[in-house]
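Number of protein chains: 2
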Amino acid sequence: MNKDELTQTFIHHIGPQEVDCSGYMSLTALGSAILNTAGDAAEKHNFGMNFLLKEGLTWVVSRLSISIDKLPKMYDVIKIETWIKNYGRVFTIRNFKIYNSKREEICKASSQWAVIDLKTRRPFDLRNKPEWQQYATEESRGVEDPIGISAISGELISEHRVRFSDIDFNQHTNSMKYAEWMLDSYSPDTLKNRSITQFDINYMHEALYGQNIKIVRSENENQSLFNLTDNDNFSVCRAAIRWRL
Amino acid sequence: MNKDELTQTFIHHIGPQEVDCSGYMSLTALGSAILNTAGDAAEKHNFGMNFLLKEGLTWVVSRLSISIDKLPKMYDVIKIETWIKNYGRVFTIRNFKIYNSKREEICKASSQWAVIDLKTRRPFDLRNKPEWQQYATEESRGVEDPIGISAISGELISEHRVRFSDIDFNQHTNSMKYAEWMLDSYSPDTLKNRSITQFDINYMHEALYGQNIKIVRSENENQSLFNLTDNDNFSVCRAAIRWRL
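For the record, the sequence lines run as chains A and B.
FYI, the numbering for the first sequence is 3 to 247, going by our numbering.
FYI, the numbering for the second sequence is 3 to 247, going by our numbering.
These aren't lab readings, by the way, just hints derived from the structure by calculation.
Among the hints, a few may not be true.
Put simply, identical chains are the same to the list, so a pair is met inside one copy or across any two.
[Unchecked claim] Result set (SDA-like, lysine to any residue): computed pairs, CA atoms no more than 25 Å apart in a straight line:
| id | residue 1 | residue 2 |
| --- | --- | --- |
| 1 | LYS194 | TYR211 |
| 2 | LYS99 | ASN235 |
| 3 | LYS216 | GLU182 |
| 4 | LYS110 | GLY17 |
| 5 | LYS121 | PRO18 |
| 6 | LYS104 | ASN52 |
| 7 | LYS46 | GLU157 |
| 8 | LYS110 | PRO18 |
| 9 | LYS216 | ILE151 |
| 10 | LYS194 | ILE217 |
| 11 | LYS194 | ARG123 |
| 12 | LYS75 | PHE49 |
| 13 | LYS46 | GLU208 |
| 14 | LYS87 | GLU45 |
Quick caveat: nothing in here was measured; it's all calculated off a predicted structure.
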């Protein structure tokens, strides 16, 4: 397969429910669009969710990193370009570039994925699927791999009980809901005056329906760090938001 | 303008974040798709939000009614057909039919809209825009007008504080968030065993950021009635869900 076929592009129209009170695409809608593109791209190469579920397997995202130069607005049309950077024993890295209708590169993103056996809930050894290796480009194209985020000590800022609307077709909290809960620890007035230049998240445990999630935040002028813990004080995820100064 | 041009159609792909734990399109995603279609259809006939905002006006939906035969699933493609039924002094009624990829009619909907003056917050007399009258078909095509819902007495079932993620580009709670809060008064297990055949909602006051909304519910076997009230005990909306027996 030649390199051109290994990069796939998808078009996305920004609907009114995808923008927040600023009129710009919300971080959660941007993250969903990126993760959906990963799903669509895998589907087209025949290793998407539909294929995996038949084998008792599922993709899980373990790290996501989004770097934002400019955000699109309501009714804007964006192009999302995606390719697999590398394919290892447990993890594969998929990168993204997002362009606006003027063909300006406005966002970059990188995601780290594992395959989980649905019965054992253990990671699947990707070397059992050597035929997927051919889709890895070994190219980062200027997109950094998603980082690991260290434990933080901060202030308990809010709590969130996992609700019906948080749960997706996998019966778990939707990946971007964690980011929604973090941003909900701010008021619209605060967020109208701040814009996100970098968002990093590590997914560690799944938050299940009815759990009470504690949101701990630590802030300085240009960065906010988050730790979300469940009833048993396990970290469900950690995240870092870098604000534009 | 001939009748054919007065009916507009839009295609919608159901993304993974638009389905709930049942794997079927969520009521809130379906409602958003319907309301977005209203916006897109108005935009194409030059009386959409972009036009109105320039004149210091905005569309507001006052009633919405959705009748569901079958729900689409993740990755299904649906066609939404929309036309204006009538155009009065204060209100205009817009109807919808939704088809799946087998061309089966799976949902019907009707919505009632008013135009509000952004300065005075008072309804705008639609007779001041007689040129919009030509878009009304005077046809219901088997779709019932949305009903008014009477006051109910029920049980205080939950409360919701209006959060950053509830607020849209209009600086108000997004129309479908009220339905999300109502459904969040149930568990996924309950809703997996029930399906909605009819949803009616009346919007009465806007819920603003930080308000604590009380959710009162009254249920019998086949119907649930809701009343959502704000800090001042005003109804922000009332709704009725009819369950498939």
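Going through the hints against the structure:
1. LYS194 x TYR211: For LYS194 and TYR211, only the inter-copy Cα distance (13 Å) is at most 25 Å; the intra-copy one is 31 Å.
2. LYS99 x ASN235: So LYS99 and ASN235 fail the 25 Å test inside a copy (36 Å) and across (48 Å) alike.
3. LYS216 x GLU182: Both, since 14 Å and 22 Å are each at most 25 Å.
4. LYS110 x GLY17: both (21 Å within a copy, 21 Å between copies)
5. LYS121 x PRO18: Between copies only: 22 Å across chains, 39 Å inside a chain, cut-off 25 Å.
6. LYS104 x ASN52: Result: close only across copies, 21 Å inter versus 34 Å intra.
7. LYS46 x GLU157: neither (44 Å within a copy, 49 Å between copies)
8. LYS110 x PRO18: Both. Shortest intra-copy (23 Å) and inter-copy (22 Å) distances satisfy the 25 Å Cα cut-off.
9. LYS216 x ILE151: Within one copy, since 18 Å is at most 25 Å while 38 Å is not.
10. LYS194 x ILE217: Within one copy, since 21 Å is at most 25 Å while 29 Å is not.
11. LYS194 x ARG123: For LYS194 and ARG123, the Cα distance is within 25 Å only across copies (23 Å; inside one copy 40 Å).
12. LYS75 x PHE49: For LYS75 and PHE49, the Cα distance is within 25 Å only across copies (20 Å; inside one copy 32 Å).
13. LYS46 x GLU208: The answer is neither: 27 Å in one copy and 43 Å across copies each exceed 25 Å.
14. LYS87 x GLU45: within (17 Å within a copy, 41 Å between copies)
Of the hints listed earlier, those the structure fails to meet are numbers 2, 7 and 13, in rising order.
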